[in-house]
Structures are given as C-alpha cells and as structure tokens.
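Student: With the hints as a guide, dock the two chains, each given alone in a separate frame, to form the complex.
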Amino acid sequence: MSQSAQGAADERVKKEPFLTKLMKRPELGAMAGVILVFIFFAITADSSMFTLAGIMNFMTPAAQLGILAIGAALLMIGGEFDLSIGSMVAFSGLFFGVCVVTWQLPLILSIPMTFVFAAAVGAINGNIVIRSGLPSFIVTLAFLFILRGLSLVGLKLATGGSTQLRGVRDQVENDWLAPVFSGEAFGSLFAWLAETGVIATFKNGAPKVPGIPVEILWFVVITLVATYVLLRTPAGNWIFASGGDKVAASNSGVPVNRVKVSLFMLTACCAALVAIITVMDAGSTDARRGFQKEFEAIIAAVIGGCLLTGGYGSAIGAFFGSIIFGMVVIGLTYTDFDQDWFQVFLGAMLLIAVLFNNAIRKRVTGER
Amino acid sequence: MTEDTKFHHGDATGDKAPIVQMKDIEKHFGNIIALAGVSFDVRPGECHCLLGDNGAGKSTFIKTMSGVHKPTKGEIFFEGKPLHFDTPRDAMEAGIATVFQDLAMIPLMSVTRNFFMGREPTKGRGLLKRFDVDQANDVCMEEMRKMGINLRGPDQAVGTLSGGERQTVAIARAVYFGAKILILDEPTSALGVRQTSNVLATIDRVRNQGIGVVFISHNVRHALAVGDRFTVLNRGKTLGTATRGEITPEELQDLMAGGQEMAQLEGSLGGTV
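Chains G and X supply the protein sequences, listed in that same order.
Per this note's numbering, residue 34 is the first one in the first sequence, and the count goes up by one each step.
Per this note's numbering, residue 100 is the first one in the second sequence, and the count goes up by one each step.
The set of hints was computed from the structure by calculation and includes no laboratory data.
Treat the numbers as computed from the prediction; the structure is a model and nothing was measured.
None of the hints are false.
Quick list of simulated restraints, FRET-style, between CB atoms: (1) His127(X) to Leu388(G): 51 to 59 Å; (2) Pro243(G) to Gln234(X): 42 to 50 Å; (3) Leu341(G) to Gly223(X): 30 to 38 Å; (4) Trp225(G) to Gly225(X): 30 to 38 Å; (5) Glu192(X) to Leu388(G): 39 to 47 Å; (6) Asp189(X) to Phe71(G): 54 to 62 Å; (7) Ile179(G) to Gly223(X): 37 to 45 Å; (8) Gly223(X) to Glu228(G): 40 to 48 Å; (9) Leu257(G) to Gly173(X): 51 to 59 Å.
By construction, the Cβ of each residue, glycine as well, lies at the ideal position given by its N, Cα and C atoms.
For reference, chain X alone in the conformation it holds in the complex (with noise of 0.2 Å):
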C-alpha cells in the first residue's frame, strides 16, 4: 500500500478477545452451496474488511451473521458463548446492526424519525405514553453533529440529503442504539469520492469508540484505506486473512479473482484495475 492514510488504526493484533467468532460456517439453499466453511472473526475496535467479487457469497455470509439466515453447519459465538439467532431482532438485540445497501430509511421521513424509526423514545405513562419528539431532535441533531454533519433541522427529510450523508445517518443510529458490531454492506458502491472519504473517516471515527466493524465492498482501494485485517471470499470459501501491511492492492486484487485471469486481464489493459 503506497499512501499512508490519516486514519489511525487499531492495533488489532490478537490482545483482544473477538465479540463474534464464526467457524466453519455452510450455508445451503437447496442444491446450491452458497457458503462452504468460512471462519470469520471481528474484535472490538478493528475494521475487518470482507472482500470478494460479486457471487462470491459475501450477502449471504453478512446475512448469516446478521440472523437473516441460519447456517446449514457451523458455529457462531458471540463475545465467547455458542449462540444462535432466530432473527434479525435478535442479533439486533445482541449488538449487532446492519446497515443494508437499501439502508432501511425513509425519503418522505424526518431525519429523526428515520433515526428512532421502531425504537422511539417515549416519555408519559398509559394513555399519556407518547414520542418525545423534542428529545429525539436533540439527539439526532447532537448525533450528526459528532458525525460531522450539519442538519439544516431535525425534520428535514432524509430525501434531501446525498447518498454518504444517508450512510452516516444509517451508520450513526447503529452505533447510537448500542451496537457493538457494526456490518456495513457495500457502503461505498453508489458514492462519489468526496462522499466516499466521508463515509470512510465515519467508519474510522465508529472503530475509535471500540466497535467492531466489518466492512463489505469489492472495492481493494476503500478496504485498504481502512481496514486492519481483510479476509477475501471466493466461490463461498475464504481464501484467508491478511492483516495489514501484509499485503498489496495487487495481491488482493488477484485473490479476489481467483488468480490467473485477472493477472492477464490487468496486462492487457494496462494495470488499471
């Protein structure tokens, strides 16, 4: 990796024990064997990047974790105890939140009504019981101000905003609600570069407070940027783990592939993949 970039990484080299553990995982829908054992790993405080080229399994995998999917075969533990998710609900519960491609937001809603969308904060008791909407404004507003964005208000709708400003929105109301493990799919695919070197520093900014980040993208350049370890998925098989500093864009880049054809398309165009 040629530029250094300005985020400080976590030293996640193994002192810390990791708060979700997937082993051997196989998923099977049907005939099809989307997943065939990948171990995955994520710390506190670490950007674990999952890469892999599209069909790889890389959804799947992120929706087995998620409680999406349950795994055909394999075993999940989290923060060191075996567990196993029914539903999304679930690993929300536990700590683990998503953010989706779709990003789960509302164009015609408020920011903050997007923000506490299914978990409002209430204030009153019985009949009185209603949203507290002076204090959710407060915290949205306070919320994205940390993350670095400046609303013109609390009920602006998040239809106004660019696609990394949603992103930040969707990301900054997982962390808010406690997440310990933060899963963000694809989040740099539909962004421009300014946007995309927003949605990275957050990414940076979420892993400071000590949350696990696994990052998914297919993009070498955005994972390098920021993240500590990265694990490529090929044909629904991890082909293993590098840690940072460990490994080139190029070296990535061909895993990703599966090899040899890469390296000979690159040549033909050039080296500009």
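The following block holds chain G by itself, in its conformation from the complex (with noise of 0.2 Å):
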C-alpha cells in the first residue's frame, strides 16, 4: 500500500493491531493448529518424532494428500467440489500402469498422457457440472463410483483377473526421468552432511534419511504456485469471484465456466501426479489406491480455512492442514496411544475448523 494512499486517513478508523490483522488470514487456523498438535505430540510422543528422520516419516504421508489438498482448496474456493478425486487416483494410476507395463511406453510418454487422461476425465466432470447445473456434491460422487469402478474392470482386463498390476518398477527403473516422480532428491547433500556428522548416520556411515522424498519437493512447489496464482495473478481474483457470486462475476466479465472446467482439471491432475508418485514408488497399482482420499483432501482444506461455500481460502492453509494430517497419522504411532483415535482426532479438526472458519469469516465480512 503506498503512502499517497494513505495520505487522506479517516480519523474514525483506528488503526489495526497486528494480531487483528493475523486473524484476517484464512490459514491463521491451520497455522494455529500445526502449532497444537506440534506441542501435543512433542509431549506425549517418542522424542524420535522430531528428528530428521521422523520428519520425513510425517511429511511423506502429508506430501502425498498435500497434493491432493491443494487442488481440492483451488476447487473450493472457485466454488465447487470434487469427491471423486480419491477414485481418479486409482483410475489415473490404473491407466499410467497400462502405459508403462502394457503397452511398455517410456515415461517421457506415459507421464504426459496420464496428465492429458485425468484432465480430460476432470474436464467432462466440470462440463456436467457447469451445464447442468446440478450441486458438484452430487455429479463428482457419481464419478466417485464411476471410476471406482472402472479402475477395477480395467485392472482386471488388463492384467486377466487381479485386482493389482505389478512390474511397474522393473520398467521404470533406468528411466531418466525416474528421479524426478520417485525416490529422494538431493542424495548427494545428504550424503555430505553425513560425512562431515551433521545428519544422523546408520553404523555403516550412510545417512538415515538418504534425501527428500520428491513428493515433498512437489508438495512444496505446487503450493508456492497456487498461492501466487490465487495472490497475484488476474486468474487468481477470478477464482475467487466464480466462488465467491458467479452470477455477479459473469456479469462483471470473469469467465465462470472456463475457471470452473479449469480447476476440474487441475484437480484431477494433481490426483494423476499422486497416483504418478505413489505408483512409482510401490511399483504396482490397485483399486484401492487413494481411498478416501477425497474426504481427506477436502477436510485439509477446510482446516486451511477454505470455506464450504466458496469464494474464500488459501493454499498456504491446505499446506498446514495436510501437515497436521500427517502428524496426526503418523504421530500417533510414536506415542502409547491406540492408532485408531487418529479418525476421532481428525473428525474433531475438522469440526473445530469449521467452526472457526465461521466465525472468521463472519468477522471479515462485517456480519453481525
């Protein structure tokens, strides 16, 4: 904000605390919560958690419905919905396996074809959606089952019967483009920081963390991106007017449909990387993958202070929420706690969450 802005001040306007101003953030209750459950787990759980290697432990997880999250907070904000991600990861990992182990293809095809497959799946969802005019809630549970569905007949067709499709890794192994959807990244620095005993090391001299998985990498990207996107760029401001009055962002000239099928995209490609990443690295694909996952990705974004509504949210806030996520699942594996609070846990975020988020944006918006 510049000066000459600022030049006429109203003299009735006090000025705004900066905690005030913390409290405008969607992600302050995300942030908030990393914090809690940061302070909860170093209490109760094994001192273990925190080293490198626990950490590492926690974000993978977290990176991998991170991903997922982000897509889902984009989705949301730009108003709708999509609960069939977590099926579009097994259908778009069905399909990747196929390029790979079926029709033997390399990555530098298989990889760009599984991302034209999900946002072509992603774009007819939003076609529905956006014709129709029917609630996402109900087109993308549709799909939810659609592609559940097909994932396991096509797994069947293509491996003569088995629910899983193996030998992706034998394919993929001396790809060159390999490094950049599997495995650790920066395995030379963590090999020198062992040397010189700054990282924790095995008897033998190898680190105990190798490098950084590259989902987190990803992860992290995928979030700087959309927060620039949605702070800094003319798609951004429509993202948030298709959310927040498509009616009065049409009439303003924002082009609602296009943003709309566009983020169906996105969001269906970020469940292709995931299932690229997760695929990769187990080095076979099922039905089951990414089950539930559609609940998960939208309970981070609603941790991360995305409105059910639409039209309000960031992607910084998905980013904390899918951190608490992996906290939480993993975290409690450290302490003496039965594993299976980690549902009770998460349906208690998400409640708290909503709640704030409530209230917040009751503050934004002046209701009274």
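Tutor: Below, the structure written as structure tokens:
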C-alpha cells in the first residue's frame, strides 16, 4: 500500500493491531493447529518423532495428501467440490500402469499421457456440473463410484483377473525421468552432510535419511505456485470471484465457466500426479489406491480455512492442514495411544476448523 | 418541485447529441408483450430518470439497453450509428455500464479485488504476467476518495461496507472503466435517508464528468432530486418525457400509477403517498 493512498486517512478508523490483521488471514487456523498438534506430540510422543528421519516420515504422507488438498482447495475457493479425486488416483494410476507395463511406453510419453487423460476426465466432470447446473457434490459423487468401478474392471482386463497391476518398477527403473517422480532428491547433499556429521547416520556411515522424498518437493512447489496464482494473478482473482458469486462474477466479465472447468481439470491432474508418484514408489497399482482421499483432502482444505460455500480460503492453509494430517496419522504411532484414535482426532479437528472458519468469515464480512 | 436541490443540473436541452437513442423498442417474450414501443435517449452530462411502477417494463427496457435482451423490434443508435449488442460484454465495451440491483459485488472479497474483477491490471510478460496489486490498490483508494469514501484499506472486504458505500464502489468502478452511459437500476430502493443522499450526490458527481446517467426508480422524490429529464413507463409504453421544472411530483406520481386510481387512493390516505 502506498503512502499517497493513505494521505487522507479517516480519523474514525482505528489503527488495526497486527494481531487483528493476522486473525483475518484464512490460513491462521491451520497454522495454530500445526503448533497445537506439535506441542501435543512434543509432550506425548517419543522424541524420535522430531528427528530428521521422523519429520520425513510424517511429511511423506502429508505431501501425498497435500498435493490433492491444494487442488481441492483451489476448486473449493472456486465454489465447487470434487468427491471423485480419490477414485481418480486409482483410475489414473491404472492408466499410468497400463501405459508403462502393458504398452511398454517410456515415462516421457506415459506421464504426459496420464496427465492429459486425467485432465480430460476432469473436464467431463466440470462440463457436466456447469451445463446441468447440478451441485458438484452429486455429480462428483457419481464419479466417485464410476471411476472406482472402472478402475477395478480395467485392472482385471489389463491383468487377466487380478486387481493389482505389477511390474511398474522393472519398467521404469532405468528411465531417466524416474528420479523426478520417485525416490529421494538431494542424495549427494545428504551423503555429504552425513560425512561431515551434521545429520545422523547408520553404523555403516550411510545417512539415516538418504534425501528428501520427491513428493515433499512437489508439495512445496505446488503450494507456492498455487499461492502465487491465487494472490498475484488475474486468474486468482477470477477463482475467488467465481466462488464468491458466479452471477456477479460473470456480470463483471469473469469467464466463470472456463475458470471452473479448468479447476476441475487441475484437481484431476493433482490426483494423477499423486497416482504417478505412489505407483512408481510402490512398483504396482491397485484398485484401492486413493481410497477415501477425497474426504481427507477436503478436510485438509477446510482445516486450511476454505469455506464450503466457496470464495474464501488459501493454498498455504491447505498446506498446513495436510501437515496436521500427516503429523496425526504418523505421530500416533510414536505415542502409547491406540492408533485408531486418529479418526476421532481428524473428525474433531474438522469440526473445530469449521466452527472457527465460520466465526472468522463473520468477522471479515462484518456480519453481526 | 418545492425544494431546489444543491445539485447543479446539466443544461440538457437538446444542444448535445444523444449518446444512446432507442426508437420504438418492442420486446416480446412468447405471447407476452413486455415493451410495446418505447423511445428513450440519453445525452452526455444529463441524468435521465426512467420511472415506472413494478411491472411497467423498466427492467426489461434497461436489459435491452445493456445487451442482455435483444429487442424484438426497434432501433438502437449509439453515437448516431445503428448498433446491435449481442452480449452484455459488447455493451460494456461500447461504454454502457449497468449497476444492477445486486451490484455484482462479492462480499468476501476486498474492495480492490471487487473493483478490478474481470479487468485486472497486469504487469510483466509471459509467465511472469501478474496482477499489479500495488497499482490496483492505489487506483482503488484514489477513486474511492474521489467519490467521498475513505476506506480503512484497499484490503477491506466489501461485506463490511454499507449499502450506500457498495453502491458507490459499483458506480466508481463503472466510471473508472470508461462508461459513457451509466445505468443505475433502483440504486436507492434499499437505502436509508443518509445513504440515499450520498448516492444521489455520487450521481451528480458522475453527471458533471459528462457521463449520461440513466436512473431507474419508482421513488419520485429521489428522481426529482437529481433528474434532468423524466420518462414514465406504464404497461410497456412510454407516457412521455418531461424536462425538469415542467412537472410536479404529483403529476409524475399520477403518470406512474396510470392516473385516476392513484388520485383516489391519495385522497383516502390524506395525500401521504
């Protein structure tokens, strides 16, 4: 904000304290949540949870969920839902598996083909929602079952009766593109750090953490790009506007339908990325991949400050929401608690987040 | 009209060519005749009030003017040339801006984001092309100050503004983006006394910049406070156009209601309507 614009400040306006300003950020709740969850585990969990190895341990599932959650968050800000992303992970995993194993294509072809395929399914989803005017909840609920079913049927066709397609690892092992989507990055840096004694090593001198799992890097990069797009580009403004009020937005010249369909395609591509990473990691694909991820992704987005009604939220919030998720899932194994507390915890977090978001929204809009 | 207002009224008596001229516009929806030959024009720097009761065809008429509906019959001239608008976007680009009753504002978004919604200023090129937030904030604060509204900050959410202020943001936005004609659809219908006078003052400011204002209302007082000319619509037809000073509020009221019934009603209510 420039000085000139501040020139004639209204004397009736009190200066806003930093804390109040912070309160208005959508991601505040998720940040506070991360701190609370951290304190909880710092007290109850084994100290090894917050070593480098422990952090990588909970960041990996957080990242896999987070990539989906960022897509889901953008779509929610744009005013729509996608309940089919979990099934989409399985379905694009199947397509990717077939490309690699059955058709023996190199990754340089398989990966773009998988993204194009996922985007096409996303576009179908989006177009049905836009053209029919039905709630995206119902349309994508239908696709949740359709895609899950197609994954099962397709896997059986591709493998001759099995619901698991193996042999991905053998095909991609020596592909030059594989390190971008699987394994750990910065291996040599970590080896060097281990040599110099900065990070912990096994007895044989190998570092306990061989590098940063690539999904974490993807997760961080996608968060940064999504935040930049939301806050600093016209497209970001269109996403907020489309979700806030689509009639008002289109009266003002925002291409609402195009924005929404693109967001459906983006969400599907996020699912495809998770599918590619996890399939290459596991070396096989199966029909249960991504099971219930749609709910977890939406929970992470909501914890991150997205409103269910659209038009408000942030990618950074979804980032922290996913980290909370990862910490809770993995963290409980470091404690004496029964692991099944996880679901209780998740539900409670969701409820608190929604109540909190509602209060914040009223503050922002000045509703009383 | 009893009180002479503080506003300077444009001397809109035929010396300037109309920006928009609509001749014998008819609009049929199936077997319903919504407009049965309406003629209307707007000159630069005047406020032309379109009055009429509910169902008179005001909304249909301005939607025809702003490109939402295509007329069944009739001609539209824009700056002297015949013109057809296929979409609201065409009309907007030609310089006809409409501030609808629902304002096209999003309460959860900041004033700046609302102000530039759909027309964001950018800087940089290619992949680095981005929303120029600083410039947008400066322009928005400046334009709002010109309209007499001091924002807390450009990031203030529109939801925190009062109805009159929102109306003013919508008008300021239209003016900033080069409107030659500003159509205001019942801008004062949901406002309090104070806010109404603010909006009327805004209309006066806009008119003084040489913009033609079409002010739709069913409130005769509000119309008479700023209007230069008055056209009354009744049952899809124009009942004539009067210039300021030629007509009394009572006469206008009667025209809007279609004559006799209103006179009777007014009698029984003791002249309070």
